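Student: Chains as they are written, first to last, in my numbering: chain H, 1 to 343; chain W, 1 to 343; chain D, 1 to 343.
In short, the hints are calculated from the structure, not lab data. Among the clues, some could well be false.
Put simply, identical chains are the same to the list, so a pair is met inside one copy or across any two.
Straight line, CA to CA, 25 Å or less: simulated BS3-like cross-link-like pairs of lysine-lysine [to be verified]: (1) LYS293 x LYS2; (2) LYS165 x LYS113; (3) LYS326 x LYS165; (4) LYS148 x LYS113; (5) LYS2 x LYS321; (6) LYS2 x LYS202; (7) LYS228 x LYS202; (8) LYS228 x LYS2; (9) LYS228 x LYS119; (10) LYS202 x LYS293; (11) LYS228 x LYS148.
This structure is a prediction, so every number in the text was calculated from the model and none was measured.
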Amino acid sequence: MKTNPGRFFEDYRLGETIIHAVPRTVSGGERALYHAMYPARHALYSSDAFARACGLPASPIDDLAAFHVVFGKTVPDVSLNAVANLGYAEGRWLAPVYPGDTLRSESTVIGLKENSNGKSGVVYVRTRGINQNDTVVMEYVRWVMVRKNRLEVPAPEAVVPDLAKVVVPGALVIPAGLDFSSYDFALAGEAHRLGHYEIGEKIEHVDGVTIEEAEHMIATRLWQNTAKVHFDATFREDGKRLIYGGHVISMARALSFNGLANAQMIVALNGGAHANPCFAGDTVKCWSEVLDKAPTAAPGVGAIRLRLVAVKQGAAPFALKGEDGKYLPEVLLDLDYWALMPV
Amino acid sequence: MKTNPGRFFEDYRLGETIIHAVPRTVSGGERALYHAMYPARHALYSSDAFARACGLPASPIDDLAAFHVVFGKTVPDVSLNAVANLGYAEGRWLAPVYPGDTLRSESTVIGLKENSNGKSGVVYVRTRGINQNDTVVMEYVRWVMVRKNRLEVPAPEAVVPDLAKVVVPGALVIPAGLDFSSYDFALAGEAHRLGHYEIGEKIEHVDGVTIEEAEHMIATRLWQNTAKVHFDATFREDGKRLIYGGHVISMARALSFNGLANAQMIVALNGGAHANPCFAGDTVKCWSEVLDKAPTAAPGVGAIRLRLVAVKQGAAPFALKGEDGKYLPEVLLDLDYWALMPV
Amino acid sequence: MKTNPGRFFEDYRLGETIIHAVPRTVSGGERALYHAMYPARHALYSSDAFARACGLPASPIDDLAAFHVVFGKTVPDVSLNAVANLGYAEGRWLAPVYPGDTLRSESTVIGLKENSNGKSGVVYVRTRGINQNDTVVMEYVRWVMVRKNRLEVPAPEAVVPDLAKVVVPGALVIPAGLDFSSYDFALAGEAHRLGHYEIGEKIEHVDGVTIEEAEHMIATRLWQNTAKVHFDATFREDGKRLIYGGHVISMARALSFNGLANAQMIVALNGGAHANPCFAGDTVKCWSEVLDKAPTAAPGVGAIRLRLVAVKQGAAPFALKGEDGKYLPEVLLDLDYWALMPV
Chain H
1 MKTNPGRFFE
11 DYRLGETIIH
21 AVPRTVSGGE
31 RALYHAMYPA
41 RHALYSSDAF
51 ARACGLPASP
61 IDDLAAFHVV
71 FGKTVPDVSL
81 NAVANLGYAE
91 GRWLAPVYPG
101 DTLRSESTVI
111 GLKENSNGKS
121 GVVYVRTRGI
131 NQNDTVVMEY
141 VRWVMVRKNR
151 LEVPAPEAVV
161 PDLAKVVVPG
171 ALVIPAGLDF
181 SSYDFALAGE
191 AHRLGHYEIG
201 EKIEHVDGVT
211 IEEAEHMIAT
221 RLWQNTAKVH
231 FDATFREDGK
241 RLIYGGHVIS
251 MARALSFNGL
261 ANAQMIVALN
271 GGAHANPCFA
281 GDTVKCWSEV
291 LDKAPTAAPG
301 VGAIRLRLVA
311 VKQGAAPFAL
321 KGEDGKYLPE
331 VLLDLDYWAL
341 MPV
Chain W
1 MKTNPGRFFE
11 DYRLGETIIH
21 AVPRTVSGGE
31 RALYHAMYPA
41 RHALYSSDAF
51 ARACGLPASP
61 IDDLAAFHVV
71 FGKTVPDVSL
81 NAVANLGYAE
91 GRWLAPVYPG
101 DTLRSESTVI
111 GLKENSNGKS
121 GVVYVRTRGI
131 NQNDTVVMEY
141 VRWVMVRKNR
151 LEVPAPEAVV
161 PDLAKVVVPG
171 ALVIPAGLDF
181 SSYDFALAGE
191 AHRLGHYEIG
201 EKIEHVDGVT
211 IEEAEHMIAT
221 RLWQNTAKVH
231 FDATFREDGK
241 RLIYGGHVIS
251 MARALSFNGL
261 ANAQMIVALN
271 GGAHANPCFA
281 GDTVKCWSEV
291 LDKAPTAAPG
301 VGAIRLRLVA
311 VKQGAAPFAL
321 KGEDGKYLPE
331 VLLDLDYWAL
341 MPV
Chain D
1 MKTNPGRFFE
11 DYRLGETIIH
21 AVPRTVSGGE
31 RALYHAMYPA
41 RHALYSSDAF
51 ARACGLPASP
61 IDDLAAFHVV
71 FGKTVPDVSL
81 NAVANLGYAE
91 GRWLAPVYPG
101 DTLRSESTVI
111 GLKENSNGKS
121 GVVYVRTRGI
131 NQNDTVVMEY
141 VRWVMVRKNR
151 LEVPAPEAVV
161 PDLAKVVVPG
171 ALVIPAGLDF
181 SSYDFALAGE
191 AHRLGHYEIG
201 EKIEHVDGVT
211 IEEAEHMIAT
221 RLWQNTAKVH
231 FDATFREDGK
241 RLIYGGHVIS
251 MARALSFNGL
261 ANAQMIVALN
271 GGAHANPCFA
281 GDTVKCWSEV
291 LDKAPTAAPG
301 VGAIRLRLVA
311 VKQGAAPFAL
321 KGEDGKYLPE
331 VLLDLDYWAL
341 MPV
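Given these sequences and hints, build the entire structure.
Tutor: Laid out in structure tokens, this is it:
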């Protein structure tokens, strides 16, 4: 077999590091496409002049675009035979990515737990995105349920990593030079600074986007994510193409501009759940909740911890979970992240 | 409220200048996307070598792409609560925009007139697009009908600006260095120079494009135009997404290459009307009429004033207005502009 | 008539060279779009770092993207009135194309043969893509059946060029500096080197992509290919838009990564047939057959000759031709090319 059948649960070894293929040099092309796929408007990622006024050398590639590039490379090795993408934790952006940078990805297996049915198991990997200077630009833990192929292989010793519920503020990495002390609120689009947000405050982000097949496939291909289920209408029995969860993440984050225009840089991904599948024709909207706030050592820069919830048509305001504690069917995404905001 | 509800008629003050948010650095990515969205083929905007042979330092971003970037920024402040986009006047391109340039927009309110029903009013703004060197790269006047929110606010004194019906040839700004004296007609695609066009001549541009939802949304997002009506299929009662008028402008201009390949640079927008709405599934075609010609001071460079009419399927040849003087239902756009052409 | 009606069979003269219009400067934007339209993952075209480790100055634009740019320019002069695209031969990539390069195209008429019905004829052209330094970056022969307009024009003397069935290995041009002696198989995605492939071996490439109207139009416009039939749903009687054959070529080539990840650079196009039309909604899959192998003079670099067959939904494994020797209705493309691979 010359083609890659993907790894099955029994193919992973605790502690092994997988070098993911197909490094990627990003350019202004990726930036333009990201802004064409999502209504992304955070000024720091739109304008070199604005980024320079904030102490950076130029406008970086959107943090989530960098995430998608890093994530996409892991798909052939981690999730080709995945039944479900179960969670994220301990995600941190460690250095901005600029046009001209080349990214590659590596993942270390940090946990393995076979399911009691013996037909699948949970694989925990810590993935690192690394640039051409060997700088780690981001890292995150992800766990997926993967099918077992050779059912006769004995279960490995169960190891479930002890993962932080949230990245503590002291662990957030602020990009070198970042300075919001002369931040231009007019150009950024809103006057709200960190002090204007209250913990517990919820924001309905108003705007919505109806998703088309061409769009999510274009985006997902750009990240070189190869999972069949996103592209091949003959693959699922219902003839639907499942939209890459990351497409919903980026759509929701971009829509959250309206009310969170100054939540500029994403620096940590505390957790996330793809609550329900998203398909073409769905209209995505979102709301946010302020979960926490923290100071940072950088001038004028604070951190805001946000829950970002993406919902589809028919969702009630601030829809999340039902009385049974389960996500409501209109909820697509429940994400928990830290962003940097002028204080 | 953290989200932006948009301005209502009573929120505008005569003479005020609005700084629009989200400056944008453009790159080869925006250029490639523009050429992927529209069948744009004017050689000066396709080839650095061709542009240099015409005296420019490199191939600029298409003039209408620059217009869309500048225009898109104004939407959250000017047309979020607009009932109708009524007109354009006195538009001039003042300097080419190159990859690497950063654009921002400002608008000054130059006219206000409440409607007699007291529920809406017309707002006139003069918008300027400004680059990272504080050079004004373009300006235009646009007027829109905007809803009133607090109906009890007294009407402002009515001020309707006196706008030029057409930008006079002497006011056209020719890019520094532009020289068409050794213009390569073979590479440009057609042999027709300014002298070959007669005032009153009409050209049927032959080609047509059927528009898809994904395409107009991708384009409109790229210009960071956020008007819900273009993206959210649940917003209008009929479930249709209205296509951004600028998408039709760019589509028609690109289609007009076939017959006007040498109408290279757009230097003025005299006026324009979005005659009827355009929706996905419509097939856009166009025709042009030569309205005027003028010399310029630049070597080998003349100016041609053109009417560009976009129509959809079912339109008769050169369709425009009915006997009642109103636009025919198949007419989408009636645009009046000046372009530069080799003499 | 200001618009271009295209050339008819009687308009071609043996030996004449046609300068095609609209030169094009490519950038990272074209690269990003190519990777967004097709699941292209060959590392040499994805990463500057990988390309440099292979002795090139940077990552080139995908070979087929360069082909499409060159090909697209020929459409207004060669195939606007074509009834059928009959074949390719003697295609060679002679120099990589990098972001910043400007391409133009020229074609020489090397054969003419009027059909016995007197209503059409076959035109053979040798097309060259040329960069800003006047370096020929690729050349290929293509023949098309073109309608005759003035049926009374006498048939030209029939000249059918003697075309090579296959580009011989000695005629393959290896990019200067190319060196696969320290090729990184892990980053490239597969461990298979030239020695692992057997002549006659067939590979089912597993993945499939369902094509959308927006996608093929975006791609085809990017190459400035203007043929109405791809864009205008009112043009064909059945209301379908025919997908540009090159879209299928690129889709299949990208899908063949899974099993041929190390077939990095395409250096020759021996032949090709668009066996059946492709329409939006079709799901494209592909298979390959190893036709030949050859050494090259470059360190660590071998050549592999591959048949690439694209099929649509419903195709049997390795579908190609029926008992009547004709292509099966599910077969879209049968391409024969040489690629460079580490030995």
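Student: All hints, please: hold or fail.
Tutor: So, going through the hints one by one against the coordinates:
no. : hint            : result
1   : LYS293 x LYS2   : between (51 Å within a copy, 17 Å between copies)
2   : LYS165 x LYS113 : within (20 Å within a copy, 57 Å between copies)
3   : LYS326 x LYS165 : within (19 Å within a copy, 62 Å between copies)
4   : LYS148 x LYS113 : within (12 Å within a copy, 61 Å between copies)
5   : LYS2 x LYS321   : between (45 Å within a copy, 24 Å between copies)
6   : LYS2 x LYS202   : between (51 Å within a copy, 10 Å between copies)
7   : LYS228 x LYS202 : between (37 Å within a copy, 21 Å between copies)
8   : LYS228 x LYS2   : within (18 Å within a copy, 40 Å between copies)
9   : LYS228 x LYS119 : within (21 Å within a copy, 46 Å between copies)
10  : LYS202 x LYS293 : within (14 Å within a copy, 58 Å between copies)
11  : LYS228 x LYS148 : within (19 Å within a copy, 46 Å between copies)
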